[in-house]
Amino acid sequence: MDPYLKKNTEENADDEEEEIEDMTIKPTDAVILCARVEDEVNLLEVCIFEEAEDGDSNMYVHHDIILSAFPLSMAWLDCRPQSGEKGNFVATGTMGPAIEIWDLDLIDEVQPLLVLGGKKRVKGKEKKIKKGKFKKGSHRDSVLGLAWNKELRNVLASASADKTLKIWDVVQEKCAVTLEHHTDKVQTVAWSRHSPELLISGSFDKSVALMDMKSSSESGRWSVDADVESIAWDPHNEHAFVVSLENGMVQCFDKRLASSVGVSIWYRFERFHMVSGAKTIFTLHAHEKAVSSLSFSSVAPNFLATGSTDKMIKLWDLSNNQPACIASQNPKAVSFKCLCKMRSLSTDINTFPLYQSKAKKNLNMTYHELSPNL
Numbered sequence: 001m002d003p004y005l006k007k008n009t010e011e012n013a014d015d016e017e018e019e020i021e022d023m024t025i026k027p028t029d030a031v032i033l034c035a036r037v038e039d040e041v042n043l044l045e046v047c048i049f050e051e052a053e054d055g056d057s058n059m060y061v062h063h064d065i066i067l068s069a070f071p072l073s074m075a076w077l078d079c080r081p082q083s084g085e086k087g088n089f090v091a092t093g094t095m096g097p098a099i100e101i102w103d104l105d106l107i108d109e110v111q112p113l114l115v116l117g118g119k120k121r122v123k124g125k126e127k128k129i130k131k132g133k134f135k136k137g138s139h140r141d142s143v144l145g146l147a148w149n150k151e152l153r154n155v156l157a158s159a160s161a162d163k164t165l166k167i168w169d170v171v172q173e174k175c176a177v178t179l180e181h182h183t184d185k186v187q188t189v190a191w192s193r194h195s196p197e198l199l200i201s202g203s204f205d206k207s208v209a210l211m212d213m214k215s216s217s218e219s220g221r222w223s224v225d226a227d228v229e230s231i232a233w234d235p236h237n238e239h240a241f242v243v244s245l246e247n248g249m250v251q252c253f254d255k256r257l258a259s260s261v262g263v264s265i266w267y268r269f270e271r272f273h274m275v276s277g278a279k280t281i282f283t284l285h286a287h288e289k290a291v292s293s294l295s296f297s298s299v300a301p302n303f304l305a306t307g308s309t310d311k312m313i314k315l316w317d318l319s320n321n322q323p324a325c326i327a328s329q330n331p332k333a334v335s336f337k338c339l340c341k342m343r344s345l346s347t348d349i350n351t352f353p354l355y356q357s358k359a360k361k362n363l364n365m366t367y368h369e370l371s372p373n374l
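Using our numbering, the letters of the sequence shown correspond one by one to residues 1 to 374.
No lab work stands behind these hints, which were simulated from the structure alone. These figures come from a predicted structure and were not determined experimentally. Cβ atoms here follow ideal geometry from the backbone N, Cα and C, with glycine treated the same way. Among these hints, one or two may not hold up.
To be verified - Computed beta-carbon distance windows for the label pairs: (1) Lys120 to Gln82: 16 to 22 Å; (2) Met23 to Glu288: 40 to 46 Å; (3) Glu151 to Val115: 23 to 29 Å; (4) Glu151 to Val110: 29 to 35 Å; (5) Phe134 to Gln322: 26 to 32 Å.
Working from the sequences, and respecting the hints, build out all of it.
So this is what it looks like as structure tokens:
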């Protein structure tokens, strides 16, 4: 063989091997989902963060997905639509009323695997496809929040600016339940990890509602002092959840108080238990502006991350219900998930830095103090 051809063949083989290695997701890699907008193009990026044994780290975009509208929310799930088989999927909520579900293991996909809700597409007189009436069970406005039920794998909850919550069956590909217990935009929703029938939601009506989906006519409700931005259940305490507010506050509540404090009211023919001024486990002035996102560590107890429109991310030690800030940084991120197997983040910059404290040694020491069994 011509030595020049042989050299080119070997170089091409090396390039192909390197490309295959880059596209292969290893068990030690962290997969991060990043939703962003660039030049009016709505993108969902699947990023890989890898850390070498010597401590060096590297992050790159594995592949991206073009979304139909401005991304507002997303939730990872392992349940494949129609079949229910396990896989790697993400549900995305946008400025539109539809929920798109994408297969994250497929590259260069141009159409979602499933669309829940949205508007019907009909042919006009000129044989052009245009949007018509809403599909049965669809939201009527933007989808602001999404939550996957990890125990009931086919169940997805959505919160919308149309003031409703919806429970979807992704295997049956339909809306199973519509809840109308809020009087303003529903911003956030979360399933309990310990009791999969419990669903909590937060709204711009300045209330947090707890629903038992086994008997949806019963619920608890807490009033707060500002619009609710985000909600998270404490994975290490089955009774506790935290709520972040538009005024920069974070409050922690005990769900058991909903059955012992307050008065009963009726709204839309359903009975609710309103807890007015219910005692909090703690109240924290976390940020100077709206706390747009918060997330517990799934492995380290008492470890909470908060993100705000003041452009700061902070890490908190909640030991003894006395929150203490252990690190803060400005990565220009507005929404994120903390210390999860599948992470997600929304950002306003072209590439985002994974949270790394300058005092990394001290942060690691604190982290291991919070999780001594790791």
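Status of the hints after comparison with the structure:
For the pair Lys120 and Gln82, the beta carbons lie near 20 Å from each other, so the given range of 16 to 22 Å is met. Take Met23 and Glu288: their Cβ atoms lie about 42 Å apart, and the range 40 to 46 Å holds. About 25 Å separates the C-beta atoms of Glu151 and Val115, a value consistent with the hinted range of 23 to 29 Å. In this structure the supplied range 29 to 35 Å holds for Glu151 paired with Val110, their Cβ-Cβ distance being about 33 Å.
For Phe134 and Gln322, the Cβ-Cβ distance of about 48 Å falls outside the hinted range of 26 to 32 Å, so the restraint is violated.
The earlier numbered hint that this structure contradicts is number 5, and it is the only one.
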